[in-house]
Structure formats: C-alpha cells, structure tokens
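Participant: These are the residues of each chain, in order.
Protein chains: 2
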Amino acid sequence: MPKNKLLAIFAPLEIAQQDLNAVLQKAVCKKFLPKTLINQGEGCLGFMLVLHGNIRAYIIGENAKEITLFSLKANECCVVCSHCALHSINYHILLESSENTEVLIVPERVFVALKDKYPQLANFTLELLAKRLNQTIATLEQAMFKPLASRVREFLHANQHNNEVMMSHENIANHLGSAREVVSRILKEMEKQGEIKLSRKKIVLQEKR
Amino acid sequence: MPKNKLLAIFAPLEIAQQDLNAVLQKAVCKKFLPKTLINQGEGCLGFMLVLHGNIRAYIIGENAKEITLFSLKANECCVVCSHCALHSINYHILLESSENTEVLIVPERVFVALKDKYPQLANFTLELLAKRLNQTIATLEQAMFKPLASRVREFLHANQHNNEVMMSHENIANHLGSAREVVSRILKEMEKQGEIKLSRKKIVLQEKR
Chain P
2 MPKNKLLAIF APLEIAQQDL NAVLQKAVCK KFLPKTLINQ GEGCLGFMLV
52 LHGNIRAYII GENAKEITLF SLKANECCVV CSHCALHSIN YHILLESSEN
102 TEVLIVPERV FVALKDKYPQ LANFTLELLA KRLNQTIATL EQAMFKPLAS
152 RVREFLHANQ HNNEVMMSHE NIANHLGSAR EVVSRILKEM EKQGEIKLSR
202 KKIVLQEKR
Chain R
2 MPKNKLLAIF APLEIAQQDL NAVLQKAVCK KFLPKTLINQ GEGCLGFMLV
52 LHGNIRAYII GENAKEITLF SLKANECCVV CSHCALHSIN YHILLESSEN
102 TEVLIVPERV FVALKDKYPQ LANFTLELLA KRLNQTIATL EQAMFKPLAS
152 RVREFLHANQ HNNEVMMSHE NIANHLGSAR EVVSRILKEM EKQGEIKLSR
202 KKIVLQEKR
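If you read the protein sequences in the order shown, they are chains P and R. For the first sequence, our numbering assigns the number 2 to the initial residue and increments by one for each residue that follows. For the second sequence, our numbering assigns the number 2 to the initial residue and increments by one for each residue that follows.
Nothing false has been slipped in among the hints.
The list treats identical chains as interchangeable, and a pair is accepted whether it falls inside one copy or across any two copies.
Below, a list of computed lysine-lysine pairs in the DSSO-like style, where the Cα atoms sit at most 27 Å apart:
1. K74 with K132
2. K203 with K193
3. K132 with K66
4. K66 with K147
Since the hints were derived computationally from the structure, they do not count as laboratory data.
From just these sequences and the hints, can you work out the full model?
Facilitator: Take a look at the structure:
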C-alpha cells in the first residue's frame, strides 16, 4: 500500500493512532503525465508526498522566461504546497511534473488541523520550508554569480541518464532562467570542445579522454 | 520599556504568563553602529525583533559580489535567524545593520523551548519563514527577469529620504547583485536624462517636470 509511506513521515512525530488513521483514510493518490501543471487554478492541493517521478517548482517572469526554484523527487514532501494552504505563500510558484509522476496528497484541512495540534508536525513543516528557502537561495546565488556555461554543464551532468539528456534546448533554458538561443550557443561551443554530442531532442555526454 | 514590544508579539499567541515573563527576563537589547555584521562567527543570535533601524540580509557569491535577499525594518522579526538556531538553515545568510540599529533578542534556547511547547508560536514562526521565502523568490524574479536599469530606478525610489539617496554606487551594486561599473554607467545615463543628479556619496532624485 503506497499510503503506508505517509506513516513513515507522520508516525515518528508522536501523532496519535486515530489521527494517523484519519491521515491514511483521507489521503488521495494522484497521477500526472509528464509536463502537467499540477497546481493550476486550484491553488494548493494540501500536503504532498512524491511516490515516484519528479516535480519541478518554478516561476515565470514578466518576459515569459522561466526559472526552476527546486525539484521534488521520490520520497520528498512539498511543504511549499502544504504551506500555501495556510495562505502565507502568496508568490505564484508553479508545480509541473517532469515525467510520469505519482503523489499522495493529504488534503489541506486535514493537514492544517494536525499541524495545529502537534508542535512536532509544525516543526517538521518548518524544517521543510527552511529547506525550500535554502534551495531558493542556492538557485539565486547560482543564477546571479555563476557563468551560464558552468550552470549548463552542471545541469547536464545532474540530469543525465546513461550519459544522455533527453531535453530540448528550450527546456534547459527554462530551467536556468535563460533564453533558448543563448543556451544553444553554449551547447554548440561545448560540442566543438568535444564535451557533448548534439542530436534531435537529445544531448549525449562524451567520456573524458 | 522596549521589552514590552515583545509582548505585542508573544501575548496573542496564547502563551502562559510565566513563559511570557521568562521571555521578558531573558531578552537582551543590542545596539549596532551602521555597517556592522551582526551574525558573524556566532551563528545565530536567537529570535530577533528590530526596535529601530534597518538590517540587510544578503549573500556573497564566489566572485565576492553581493545581493540583498531582504531587509528587516522596525517592528519586524527575524525568523531566518531564529530558525537557523534550529540548524535547518545552512545557507550562509549575512545580516548587517544599514544604519544605527537596536534590536531585542530572545536567546535561542528560550525561544526553541517555547516554540516546541506552543503550536501557535511554531505557526507564527512558519508564517515568518514563508514571508522570507516570498521575499527571496521576489528578489530572484527581479534579479533574473527585470532589466538592471529598472531595478536601479526602483531601488533609488525605495531608498530615498527627501529625494536623496546617501549611498555609494558600490553600495547600490551590492544590493542588486551587480558590479559598481555597471551601476555607475546606468546612473550616468539617468543623470543625462534628467532623472537624477549625482554628487559625492549622494544621489538626488529630480522632480518630474
């Protein structure tokens, strides 16, 4: 039962059995195809645990450029989402599945009631939020102070499977807050240096000789 | 008694009188001259309330460039600081007084014990942290997607007193994550357009005709 994965999170927080039962009973499982906007319109979904897949949290600027703030992988919880349930996060953070993704959601009302009852859960939420703040500051630092070529190189290495990155140049630009043309120029320079090989919708990292 | 200002924050959180008394008794008042690094070396000071003055929270990149994440003005609390007391915020956020500043500090140990006892205080802390996350995301969006010239213009208007900004070009660059030369070039262009007048260590905003 995937719902039992919630127990691993909530049980150590000294939550009474009947409240744990309510969490398991009220939690819902949702599946998303790749590139699905998860929180459009409906605001916040509640407390979310990623079962498998990957969710990208990002913002869009006035000029329609995007930048990824952080990603949520399997077994990670979404505190931004759970917290915006409390109407404290006004910023428009968009959540999008990067691949086939399955999540468990504890509805807002259930989660908030528990958080108000158990200081341990409030502290847990606080720690998750602190983690997102750290990640956002790290993103800010990289975006501001690191040359884009280094960021493209790191991004490719962080997102390769078997030395392949199945993403368009535009996708990569959207992760890094840049423009497609600029990323394409950097990728072509990397190909010239023998670091990568470019083909349609795929980038192959070359072994270092 | 400035310490009573803490009551305005803690009393509505349904904290028992004896715990409130402990907060008032243990709180310490600290004064900082302008441009003093507040959290150097000693990690976190505890829960901080700004009585008057201004504190700038910023990061420094590898290339020694700086960018301001957010500012704390009179009557604002520092949750980042109180929270790093919990060892969840690892990112090196620096706090510096921008002017003569006076703060009240509830030491880490006192604050954490209270937060663990009162879910309302944990929720209050959560909301403050969410606010800092919002501010950091707003900073990121501006820095990534807004032309520097617009950001310089907005910064001048936000930091003027009687149409004067008493800051060096380097100070402004440090707030905005840019370099002095770039900011100087923008300021000179603004002067040419009749928007501002530059003089030593002072920028005067011109009335729109």
